[in-house]
Amino acid sequence: AQSVTQLDSHVSVSEGTPVLLRCNYSSSYSPSLFWYVQHPNKGLQLLLKYTSAATLVKGINGFEAEFKKSETSFHLTKPSAHMSDAAEYFCVASGGSYIPTFGRGTSLIVHP
Amino acid sequence: SQTIHQWPATLVQPVGSPLSLECTVEGTSNPNLYWYRQAAGRGLQLLFYSVGIGQISSEVPQNLSASRPQDRQFILSSKKLLLSDSGFYLCAWSYGTLGNYGYTFGSGTRLTVV
Chain A
4 AQSVTQLDSH VSVSEGTPVL LRCNYSSSYS PSLFWYVQHP NKGLQLLLKY TSAATLVKGI
64 NGFEAEFKKS ETSFHLTKPS AHMSDAAEYF CVASGGSYIP TFGRGTSLIV HP
Chain B
129 SQTIHQWPAT LVQPVGSPLS LECTVEGTSN PNLYWYRQAA GRGLQLLFYS VGIGQISSEV
189 PQNLSASRPQ DRQFILSSKK LLLSDSGFYL CAWSYGTLGN YGYTFGSGTR LTVV
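Chains as they are written, first to last, in our numbering: chain A, 4 to 115; chain B, 129 to 242.
In isolation and in its complexed conformation, chain A is listed as follows (with noise of 0.2 angstroms):
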């Protein structure tokens, strides 16, 4: 079995400063974990994703991850807000099965 907590709701920065969006998964095995985005009305876009190579994952719009297996962590950074970052954000983890589980996402607000 497995799960992923997404520690925060909501949000909120001003814009120019660091972003820290929180995910803790729970699993039986070493899953993959990925980060999507999901701006108003939209699809799902993935950000960036972990498949057991390198730790610390790039991913588009200047988003980064660091996978910490003793923290059981995949928390999501970017070192500068833009206002265009402002979206709903979801961490997801699959692997054993067909079916993904998804953290119940974190808004992020951008403050001009």
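Watch out, some of these pointers could steer you wrong.
[To be verified] Here are the simulated DSS-like pairs of lysine-lysine, each with C-alpha atoms no more than 30 angstroms apart in a straight line: (1) A:LYS52 x A:LYS71; (2) A:LYS45 x B:LYS207; (3) A:LYS45 x B:LYS208; (4) A:LYS52 x A:LYS72; (5) A:LYS61 x A:LYS72; (6) A:LYS71 x A:LYS61.
[Unchecked claim] So these bits of chain B aren't anywhere near chain A, every CB distance computed over 12 angstroms: (7) ILE181; (8) ASN191; (9) GLY230.
[Said to hold, decoys possible] Covered by chain B, per the in silico footprint, the following chain A stretches (three or more residues, Cβ under 8 angstroms): (10) 37 to 45; (11) 61 to 71; (12) 102 to 108.
FYI, nobody ran anything at the bench for these hints, they're computed from the structure. Glycine included, every Cβ here is placed at the ideal spot set by N, Cα and C.
Mind docking chain B on chain A? Use the hints.
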């Protein structure tokens, strides 16, 4: 390259009317296909998934059904819509048995039942 098409983008239907949402994938064969629903302010709920033609697994028993008449076609249906069927419906595909390569989502259908 692979692409996924989902239509319509928006739909307003009266209670009790039928529903048919279609999703097709291009550029790959034998994909795993998924239907998700996203209610307002909530996360994604897996409704159905399919690993092959005619093979449908239902995750949540409800007023909806799914069919896969062709390898790259996935259809979500209802005979009589309920108000509670309103939401944002997303189709997705993946390949491989473990989903290690991620999932590609369609652009979604906003369904409003009135």
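Hints and how they fare:
no.	hint	verdict
1	A:LYS52 x A:LYS71	14 angstroms, holds
2	A:LYS45 x B:LYS207	26 angstroms, holds
3	A:LYS45 x B:LYS208	26 angstroms, holds
4	A:LYS52 x A:LYS72	15 angstroms, holds
5	A:LYS61 x A:LYS72	17 angstroms, holds
6	A:LYS71 x A:LYS61	15 angstroms, holds
7	ILE181	15 angstroms, holds
8	ASN191	21 angstroms, holds
9	GLY230	5 angstroms, violated
10	37 to 45	holds (count 4)
11	61 to 71	violated (count 0)
12	102 to 108	holds (count 6)
In this structure, the hints that do not hold are numbers 9 and 11, in rising order.
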